[in-house]
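Novice: Each residue of the sequence shown is one higher than the last, beginning at 1 in UniProt numbering.
In case anyone wonders, no lab produced these hints; they're calculated from the structure.
Accuracy of the hints is not assured; some may be wrong.
[As the list claims (entries may be wrong)] Pairwise CB distance ranges (calculated):
| id | residue 1 | residue 2 | range |
| --- | --- | --- | --- |
| 1 | Thr37 | Glu218 | 28 to 36 Å |
| 2 | Leu102 | Gly13 | 30 to 38 Å |
| 3 | Ala15 | Ala160 | 16 to 24 Å |
| 4 | Ser246 | Ala80 | 40 to 48 Å |
Fair warning: this is a prediction, and the values are worked out from it, not measured in the lab.
In this text, a Cβ means the ideal position worked out from N, Cα and C, and glycines have one as well.
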Amino acid sequence: MRRGQWTYRTVIGVARGVFRALDLRIDVEGDEHVPRTGPVVLASNHVSFLDFMLVGLAARGSRRDVRFLARHDLFAHPVAGPFLRRMRHVPVDRAAPAAAYLRSRTLLRRGEAVGIFPEAGVSTSFTVRSLMPGPVALARELGVPIVPMAIWGPQRILTAHRPVDLRRGRPVSLLVGPPLYVDPATDLRRGTELLGATVQALLDDLQSRPVHQPRPGEPAPWHPAHLGGGAPPVDAARAEESVPRSAVPPSWRPLDVLRAG
1 MRRGQWTYRT VIGVARGVFR ALDLRIDVEG DEHVPRTGPV VLASNHVSFL
51 DFMLVGLAAR GSRRDVRFLA RHDLFAHPVA GPFLRRMRHV PVDRAAPAAA
101 YLRSRTLLRR GEAVGIFPEA GVSTSFTVRS LMPGPVALAR ELGVPIVPMA
151 IWGPQRILTA HRPVDLRRGR PVSLLVGPPL YVDPATDLRR GTELLGATVQ
201 ALLDDLQSRP VHQPRPGEPA PWHPAHLGGG APPVDAARAE ESVPRSAVPP
251 SWRPLDVLRA G
């Protein structure tokens, strides 16, 4: 086993230990859509700082080691940096994103699984915000599938602008959708809008499940505003969040917002 593989197994083992210590009730549905071999882009929403580990665990059912795109400054961290490099993750510099695209393309051409959180940051409204077009661009250029995913639950533990909450027994759900294939003639914006709508639909499904409902009268800052939670409304969150100019703004909306409209 190569050093990078050993490091990956070690980190996954530590993650599983942490999740056991927190007694997380993790449910993964649809992981059969992750191919066991060949190049694939995994594209997920981003609600917490645990999402990397959770998507990595979801892919382990197919015995895949996922190479994630992550903020470049994390690679300079004295503790995290060496692990990120050994696991062959991909640094992303917003000021010069082409390098991350080229590195991802190389990994896919080698048959790797590449994990991308195309919101380019945690969505504080807990809806799918503007998406970077990178996953669709890679799929269009290389003819590889995009496997869409949604995560819900870990935002109750560790998310942006909220204190850590280590209470045990939290439910965490991952829902994996069927692969999307991008025709070479597809417009990049339209393809990204399709991806956004797909991930939002998966997230709508998870957010509607009884196991994830707040208790009566609970303020629930971890639950989206359009479902009665205390998270910032979409417009307020959008005004505060830093999103690259190249991101595609959402033409998609949460299901309950569409019903209300």
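Novice: Of the numbered hints stated previously, which ones are contradicted by the structure, given in increasing order?
Specialist: 1 and 4
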